[in-house]
Amino acid sequence: MLTREDNEFITRTGPGTPMGDLWRRFWVPALLSTELPDPDCPPVRIKLLNEDLVAFRDTTGKVGLFAANCPHRGASLFFGRNEEEGLRCVYHGWKFDVTGACVDMPNEPPESNFKHKIHHTAYPCLERAGIIWTYMGPRLSTGSGNDLPAFPELEWTQVPEGQYVVGKFLVNSNYLQALEGDIDNSHVPFAHGLLTDPGPSFIERVRGAGRLRQQQQVRSTPGLNTNLLFAQDITPRSVVTETDYGVMMGWRRDADPENYYWRINHWMLPSHVMLASPPGSNMTCNSRVPMDDENSWHFRVSWNSSRPLSDEELNFIKNSGLNYPELEPGTFRPKANKDNDYLIDREWQRSGSVTGIKGTTQQDRAVTESMGAIYDRTKEHLGTSDTVIIAMRRKLMKVARELAEGREPYAATHSEVYRRRGVDMLLKRNASWEEGARELITVGSK
Amino acid sequence: MLTREDNEFITRTGPGTPMGDLWRRFWVPALLSTELPDPDCPPVRIKLLNEDLVAFRDTTGKVGLFAANCPHRGASLFFGRNEEEGLRCVYHGWKFDVTGACVDMPNEPPESNFKHKIHHTAYPCLERAGIIWTYMGPRLSTGSGNDLPAFPELEWTQVPEGQYVVGKFLVNSNYLQALEGDIDNSHVPFAHGLLTDPGPSFIERVRGAGRLRQQQQVRSTPGLNTNLLFAQDITPRSVVTETDYGVMMGWRRDADPENYYWRINHWMLPSHVMLASPPGSNMTCNSRVPMDDENSWHFRVSWNSSRPLSDEELNFIKNSGLNYPELEPGTFRPKANKDNDYLIDREWQRSGSVTGIKGTTQQDRAVTESMGAIYDRTKEHLGTSDTVIIAMRRKLMKVARELAEGREPYAATHSEVYRRRGVDMLLKRNASWEEGARELITVGSK
Amino acid sequence: MLTREDNEFITRTGPGTPMGDLWRRFWVPALLSTELPDPDCPPVRIKLLNEDLVAFRDTTGKVGLFAANCPHRGASLFFGRNEEEGLRCVYHGWKFDVTGACVDMPNEPPESNFKHKIHHTAYPCLERAGIIWTYMGPRLSTGSGNDLPAFPELEWTQVPEGQYVVGKFLVNSNYLQALEGDIDNSHVPFAHGLLTDPGPSFIERVRGAGRLRQQQQVRSTPGLNTNLLFAQDITPRSVVTETDYGVMMGWRRDADPENYYWRINHWMLPSHVMLASPPGSNMTCNSRVPMDDENSWHFRVSWNSSRPLSDEELNFIKNSGLNYPELEPGTFRPKANKDNDYLIDREWQRSGSVTGIKGTTQQDRAVTESMGAIYDRTKEHLGTSDTVIIAMRRKLMKVARELAEGREPYAATHSEVYRRRGVDMLLKRNASWEEGARELITVGSK
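Protein chains in written order, with my numbering: chain V, 95 to 540; chain L, 95 to 540; chain B, 95 to 540.
Don't take each hint at face value.
Since the list gives no way to pick one copy over another, a pair counts as held whenever it fits inside one copy or between any two copies.
[Claimed, not checked] Below, a list of computed lysine-lysine pairs in the DSS-like style, where the Cα atoms sit at most 30 Å apart:
hint : residue 1 : residue 2
1    : Lys522    : Lys452
2    : Lys432    : Lys141
3    : Lys432    : Lys522
4    : Lys141    : Lys452
5    : Lys156    : Lys211
6    : Lys141    : Lys156
7    : Lys432    : Lys412
8    : Lys473    : Lys432
9    : Lys209    : Lys489
10   : Lys473    : Lys156
11   : Lys209    : Lys141
12   : Lys156    : Lys209
13   : Lys429    : Lys141
14   : Lys156    : Lys492
15   : Lys473    : Lys211
Don't read these hints as lab results, they were simulated from the structure.
With the hints as extra help, turn the sequences into a complete structure.
Given below as structure tokens:
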């Protein structure tokens, strides 16, 4: 439970809010590279952290990300003409390069031309892993030439093209409740559960080992029957460790009298979640970015550390409907959405699926968006299964409060802390999970 | 005319408002029984008194009515799985019975399970006359076993199945202006008027006895030509009497030199209106319930005290379009609504109908909804024809103010005061209307 | 740049606001005469200056313009029955003539009838140039019989039928940013520009004399090649003179070593803009009227002082799509609007049009509406090209502040000050523009 004040504090990310200031210390995913496919292609609108922006790709391929309205008299630069290394406002012809410098002011006579005085709000951009990232915060006083924070060394941003795939989807809720779902392993048997054999009682079936499985086959470490491990213990214990980058969390299930089955995830500031996957298998990361306070962007990444994804894998991820949702044409809004109750099939809910809703992200959005656009956390009742939620919120608010007092977030300028992977594994019951997992969760150590 | 403060006072019914507190002392119609047709059928969303709710019918047929959001982490219980005498949230599997008791918390380990501490907001429900009723207020300290108020003995809730029929419709305005229309007999010749023979002047025709009639044949006491009585006196005098249950009102028209023609209606707290009907004929009651402050539910009941309704009668009520409106499929919103100007036919308005709009409830909604979502009563100009409106508002505000001072409304706990019928009748000009009608308006006395 | 306070001051026109009070000192275009084509035709809804109104034409052809809601119990008079020199509310039959007098109150008995006490809010109307004009302000204390201000003698309201044509369009922005576009000659080569021959650089082409032209042929004084004059100097200097009626403004371009090319426009209170046209040619006036603070009406007039418009001219103005926009059927909203990005053609923007948007008014709306519903002028950066904008705003705020102090606006009661035309002309470089244009800009002097 949060107080009303804390709930406001943690959910609001507009300019000038404490949480908005924190978000503006990090490189954030802004849009897909494919949204700006070619040099001098049409600009696109994008809203991030409650700011209306326009993105464009210039003649040499560089990306510009501008405040949407022209600094002269406010016409939207979305209608701008993208030409010769700059975007020209069509109202009076002012032109800006990707840095925001006004490079032409053709409607002013030479004697009164003041283009050198005009610098439009332009956020620096980088392209990594098929995503255009931006940094919307203040420049650093590094003393060195570069006044931008280093780019976070998330594994999937470091692997060659072909080894990753990225989807982007609109979520009609505040970022935080979406993020809370990402770090919450406790909901998996329910929101993502299937009933394999019909019986008189759902809960008996859930509790009957082997009778529940996830809609999407969970990838397992060779030798582990993950579905079985999941199904035979639906009340995992969770432990957390605060880290430089955020929170490392372990979900522990009874495997056999000697061993625990561990799933270890990472939440990384501000909102990347590295999901547990067996070493060597394809991995998944969810990154959430506030659009405004009532909507957020979901970037969902799958990658393999060591080899290209196969066509079959790519096809499943992109087109099965179980991983990426099908989108309304020309938008990032899923076809199954809150206005149509996610196309819930009540008969299937009765007979085979816990939710009656198809696809992991749809199930997540059904529970997340139905909390309301900004979930009122004064009304919740948390249990031990919510340990990770509590830890994440505390860390997030702590770092934001420290920033408000002048202490910059460590992770924002220490890109190497992002070199972490999620993992699942068996460990002796008396072993330390952090010791046991240390090598497997560290990118580059293997 | 009301002051701005009184208009706020009388129209707002959210939790914590004085009028909201008053509404929460009464059993109110919540939804139709047919909306939950079977045990374990899909839950439905419903909004009442500004509260978002989810209704479901459990395995044994009992109805549950819950605050919409799960008390754990807020996912909507609308997506819940309705199974074995309870509704299970699909986020983490918490399950609640119709009383709101948490009967299962499968994601928490035994040592930390706290289901006995969780009691979800659940409003008690009763089914009467095809309607699921709910009581959203505080429990009574009766000393006896039952801590709920007795159910109001409205005649149509006491007759056997087959003798009543109920419709439910969405009205896009605050409940009060809809209620004001229900008690207002003065508008009938206008909003519901037809012109029987075309002539040069509407008003001459209206005032020419026999030339105006209602679109829907008014049922008459045998021997009374009600249409003629209506038409020959379009300026009825109204008298009111404050009662235990609300207000009894009489509309008096000149019938002949010796007699008055009386139509006697009742407004019963909080918003049932018993319309005048000849003894023995089918009767009508309108019940209004706030959805939110800008929309309301209209329950419209027809019944016969002594015999089942015939197929012909049911067909007329349900399908003629003159009584119940045709609805947009899958909703309770009439097809003729404010977004299409109620399908007004201006040519028909010119030649035959006062409004050019088809159907009694459409005509009522056209005048009621076009006042604005919450009518600004600081701008009105009331006359003697509005005597009943003034009396109803005064009583409603008086009872709400008394409640705010700690005096419970009498009618809420005295169910027998609801045993009243509307009636029409001839009475000698020097007779007392209350004496003359006493027997006919009392259910059970005949 | 305006302060936040001034931006509120100048954009808000509801009842009781200072700028709303100023607007209510002038006759304003309310709707097209064709919207009320016949006596006793159906009423229409119209919103002006944030007031909901209903207009109707009575049996003898007079126009009534009423506050939308009946003064009795608030039903909308839009549903009223238009009959025999008055509009009758269909709720209880009250009837009003065009002056707002209640001429019938049929639901009240004679002894309590109070129709003589009821005077509904009714704004006086006049019809000029195919437009129904209204005056929404206080009556004058003239001592004479007429207590209304004289009608402004705009030339196009004085010429015979056949010599003018009027269009009305909905603009989804505050009136002021639309008005600012009307007086701004500096945007013409950009927002309305075409590129005549493709080349490597837009700006080189713009600056290459003769290579840029307007999408719509600019009408020229015989002997002047206006397109060439426009194209060879895209940085016109502007000068302004405050006048009784508002602001006269001159846009000066270099023509040849001896002469300047001048375009002289007038902004007339509250929001008529007379555009420069060669003497004798067809002329254009844009009149803007606030609908509410976030939307405005655009009345666009073309006329000829001395002869009827030809069928060919009328056809071009109304149907080419370059002058009047094509409208959504049954509305005044253009088909190309902000919801579809004005049907921008990005390929055409690349190859031939600065905006890629077809039609002058569409181009204007693209830049105007994309500023946001109420443009935030605290963020703008004005240059010398914005001299006229600054002068107009200053005058508008000055007159409104004077009115707030009790000084009535001169133009509102001196109709003759509106006898002005826009004009274009060559003048010797050392000549005074005001002297040189004096005769040509004065209606009736020629």
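So which hints don't hold here, by number, going up? 1, 3, 14
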